[in-house]
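Residue numbers (the numbering used here), protein chains in the order written: chain A, 1 to 125; chain B, 126 to 370; chain C, 371 to 766.
The set of hints was computed from the structure by calculation and includes no laboratory data.
Just so it is clear, CB atoms sit at the ideal spot from N, CA and C, and this is done for glycine as well.
Do not take every clue at face value.
[To be verified] Restraint ranges, calculated between C-beta atoms of paired labels, are given here:
(1) A:Ala99 to C:Glu594: 15 to 23 angstroms
(2) C:Ala626 to B:Asp185: 35 to 43 angstroms
(3) C:Ala626 to B:Ala166: 53 to 61 angstroms
(4) C:Arg636 to B:Asp185: 31 to 39 angstroms
(5) C:Ala626 to B:Leu205: 31 to 39 angstroms
(6) A:Gly32 to B:Glu197: 30 to 38 angstroms
(7) C:Trp517 to B:Val353: 53 to 61 angstroms
(8) B:Pro168 to C:Trp650: 53 to 61 angstroms
(9) C:Pro377 to A:Asp103: 36 to 44 angstroms
[Unchecked claim] With the Cβ distance kept under 7 angstroms, some of the chain A side facing chain B (calculated, not the full set):
(10) Val57
(11) Glu106
(12) Cys107
Listed here are the chains, written in short residue letters.
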Amino acid sequence: MRRMAGLLLFLAALTGAAAAVPMPELDVGQGGHCVNDPQVMRQNHMKFLYQQRDETVRLGIRGGKYSLAGCVDCHASKVNHSVLGSDRNFCQGCHTYAAVKIDCFECHSSKPRALSAVQREGGHP
Amino acid sequence: MSDQPDNGRRQFLSRGTAATAAVAVAPGVLLYDFARARPPAEPASSAVRWGLLIDTTRCDSGCDACVSACREENALPLPLKPTDPQWIRKVELTQEGTGRKVSLPMMCQHCAEPPCVDVCPTGASFKRADGIVLVDKHRCIGCRYCMMACPYKARSFVHEPVEDHSGATPRGQGTVESCTLCVHRVDEGRAPACVDACSREGHRALLFGNLNDPDSAISQRLRSVASVKLRADLNLDPGLSYVGL
Amino acid sequence: MTTRLSPRTELRNFALLLAAGLLVAALGLWAAHFMESRGHIVTGMNNQVVWGLPHVFAIFMIVSASGVLNVASVGSVFGRAVYKARAPLAGLLAMALLAGGLAVLMLDLGRPDRVIVAATHYNPTSVFAWNVLLYSGLFGTVALYLWTLMDRTMGAWNKPAGFLVFLWRFVLTTGTGLIFAFLVARQAYASALLPPLFIVLSLAWGHAIFLVVQHAMLRWNAMELHPGIQKRLKNLLGVFVLSVLYLVAAYHLTNAYFARQSAFERYLLLDGGAVTALFWLGYVGVGTLLPLALIFLPKAGGQRCVLGAALGVIVGAFSLLYVFIIGGQTYPLQIFPGYHAVSSFADGAITPYAPSLPEWALGLGGLGIAFLITLVGVRVLNFLPRDVPGQPVESN
Ligand code: SF4
Ligand code: SF4
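The whole structure should be built from the sequences, with the hints applied where relevant.
Right under this line is the structure:
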């Protein structure tokens with residue numbers, strides 16, 4: 001019983017703290033119809049991404065729907081053509097809010113695939 | 126060159142052509158044969174073993190088309206320092222005694238018994254079912270033990286942060302990398318970039334194909350000409366063979 | 371404690387040593403951070419020399435860690451009182467060296483942030499992965515052993531625990547040797563002589579470190595070593611140095627014998643520049659001949675001489691490891707026998723290597739960590755070797 005009360009208090013503190021930080025206003029880029037329900041994606045995108053990543057890299061299974069490049073294609077900001085850059089950008093914004101480090105983009109491109117070379121270099125669209 | 130819009134849009138690729146025994150890119154040139162075209166959702170299968178036959182008698186010592194094609198495909202920097210990556214390099218050989226000159230491209234030999242895979246503590250280095258040896262960079266801790274173990278100096282360590290992410294293969298600081306046999310192209314039914322570049326130059330020194338299919342062009346050619354594997358004394362059964370050494 | 375220093379001076383000295391150790395360790399951590407953020411471009415390493423100076427330090431510490439336990443093993447397994455009195459110190463030193471060595475090894479990774487992957491994804495065919503188990507196992511077994519030594523109620527378990535440590539460290543040193551022995555790719559490493567060589571190296575280096583630390587501790591407490599014990603410990607060092615010399619000679623002679631390897635031996639022993647100098651001056655001169663002279667020459671063998679000999683062995687250890695690890699990599703791989711090879715990737719050419727400042731800092735930082743653990747351990751717990759007065763020193 002004590003433990004339950006403690007847990008409840010802890011949760012209350014957590015949500016309280018979260019409420020104190022304003023929810024990020026994300027630039028969802030092109031957006032549109034996501035490959036799964038947005039709430040499911042918010043909670044589980046890392047699991048989906050990890051699983052597909054391992055299947056692709058190690059087994060050679062291609063064309064799955066949970067592709068990181070796919071996320072970037074749809075959600076790169078139309079302003080800077082990236083999912084990174086500021087606390088409004090799709091990936092960075094939410095990860096800053098949740099205080100979770102993303103290292104995907106140390107190796108993967110944070111810019112959409114269909115972009116021209118000029119845009120990739122960070123030039124004008 | 127991952128800017129090609131069709132790169133991630135594999136579903137538009139016609140699988141029909143890939144299912145034929147060979148794709149003729151130019152009259153009389155059998156480039157690449159598919160014994161069994163694989164739908165993208167299926168895992169690579171051990172029924173296939175990808176290999177490369179390198180004919181050094183056709184390789185021109187002044188040419189580095191394969192090297193620059195690889196650099197472009199994977200967005201690698203121009204190698205200026207001993208810390209810069211080289212997935213494929215040209216080696217110029219002079220035979221001791223006779224002075225005979227040989228020029229050849231050198232890269233990961235995609236060993237069937239790869240020492241890099243044996244020594245890797247995390248299983249980051251692995252061999253795909255179809256014989257392609259890769260580094261899973263999500264798992265690589267950058268210990269460089271594989272580089273110590275590879276007898277062909279096939280691997281590079283990423284010594285600096287990577288700025289250019291436009292390449293076909295994601296690359297990142299602190300991990301080890303090497304020739305992927307252009308696994309992303311192979312899975313699409315295309316030949317590695319170096320192979321295409323070499324035939325574009327008209328040398329056709331590189332022949333890519335399925336070693337497990339006795340009727341493939343590479344298997345037929347391996348039957349008809351004398352070839353060697355590098356450091357055959359180590360019994361690693363490389364997927365690459367060389368003619369004219 | 372029978373100390374002649376006043377408690378104030380003693381405390382001040384301790385604080386000074388502690389500060390020095392902390393500084394060196396902090397510099398090492400800074401270097402590691404610098405290497406992680408900028409990449410290994412700030413080191414002297416490259417795609418040919420992939421293991422640099424940090425590996426020299428790390429392997430020195432790990433190999434010695436098992437060697438220092440020698441004294442403890444003789445005490446517990448063979449029941450010799452003189453050695454048993456030194457067992458706690460030996461155990462502490464082993465843990466300290468292992469911690470220092472592993473820290474360097476880990477911080478030199480390209481992705482030290484991912485080191486946990488080595489535990490979650492374990493490749494059972496990798497010698498490197500076996501060693502991770504062996505190293506953590508040594509910590510456990512030594513801790514257990516120290517417990518049986520320090521807790522009287524555990525006394526009965528001392529002998530089995532000592533035996534376990536004894537076995538474990540042989541396996542561990544063999545494992546370290548195997549890391550290299552399995553590298554068929556490079557000329558220097560694929561040799562069946564490496565595991566036994568690493569075992570005798572560990573005995574010699576570990577014993578030398580033990581003697582240096584014991585000397586410092588006794589001096590600190592203004593104590594003298596019983597001449598009989600002194601002689602025994604010194605002769606043991608001499609025997610170890612000779613065994614190492616024998617195996618090193620065997621390794622190079624067998625290499626030189628095989629035609630395939632003779633060019634490589636020529637490089638190491640004749641025209642390798644720094645590598646050659648380190649071999650002859652560092653290992654043969656300072657690391658072998660000097661200690662042998664200091665131990666066995668008629669008028670030598672006093673306390674000072676033994677200390678000098680032990681320090682010489684340590685200098686020799688670094689020299690030999692540098693020749694083995696760096697020299698073994700600067701020499702090109704032989705991929706095309708019968709041909710002379712040229713390329714833009716150092717085929718057929720010697721690759722120059724010079725350790726950079728961060729590499730030195732990281733390596734020394736590891737030694738700093740080992741030093742700190744020893745210093746604090748010795749002060750907080752009772753690790754000073756105490757010989758029971760009047761007890762006969764067995765002769766052999
Ligand atoms: S050539 Fe080297 S990197 Fe490639 S599979 Fe063989 S050992 Fe591994
Ligand atoms: S550097 Fe990476 S791929 Fe190579 S052995 Fe270490 S963890 Fe494996």
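query = Does the Cβ-Cβ separation between proline 377 of chain C and aspartate 103 of chain A fall within 36 to 44 angstroms?
reply = 52 angstroms, violated
task = Take the C-beta atom of alanine 99 of chain A and the C-beta atom of glutamate 594 of chain C, compute their distance, and say whether it sits inside 15 to 23 angstroms.
result = Violated: the Cβ-Cβ distance is about 60 angstroms, outside 15 to 23 angstroms.
Evaluation of the interface hint that places glutamate 106 of chain A against chain B, nearest CB under 7 angstroms = 5 angstroms, holds
request  = Confirm or reject the claim that alanine 626 of chain C and alanine 166 of chain B have a C-beta distance inside 53 to 61 angstroms.
outcome  = Holds: the Cβ-Cβ distance is about 57 angstroms, inside 53 to 61 angstroms.
Cβ separation of alanine 626 of chain C and aspartate 185 of chain B, checked against the hinted range 35 to 43 angstroms = 40 angstroms, holds
inquiry  = Verify the CB-CB distance for arginine 636 of chain C and aspartate 185 of chain B against the hinted window 31 to 39 angstroms.
reply    = About 35 angstroms separates the Cβ atoms of arginine 636 of chain C and aspartate 185 of chain B, which means 31 to 39 angstroms holds.
query = Does the Cβ-Cβ separation between tryptophan 517 of chain C and valine 353 of chain B fall within 53 to 61 angstroms?
reply = 60 angstroms, holds
inquiry  = Between the beta carbons of glycine 32 of chain A and glutamate 197 of chain B, is the distance compatible with 30 to 38 angstroms?
reply    = About 32 angstroms separates the Cβ atoms of glycine 32 of chain A and glutamate 197 of chain B, which means 30 to 38 angstroms holds.
query = Close enough to count: is the Cβ of valine 57 of chain A nearer than 7 angstroms to one in chain B?
reply = Given a least distance of 5 angstroms, the restraint on valine 57 of chain A holds.
ask   = At the C-beta level, are proline 168 of chain B and tryptophan 650 of chain C separated by a distance inside 53 to 61 angstroms?
value = 56 angstroms, holds
ask   = Against chain B, is cysteine 107 of chain A within 7 angstroms by beta-carbon distance?
value = 3 angstroms, holds
query = Regarding alanine 626 of chain C and leucine 205 of chain B, is the given constraint of 31 to 39 angstroms on their beta-carbon distance met?
reply = Since the Cβ atoms of alanine 626 of chain C and leucine 205 of chain B sit about 37 angstroms apart, the hinted range of 31 to 39 angstroms holds.
Hint compliance for this structure: hints 1 and 9 are broken, all remaining hints hold.
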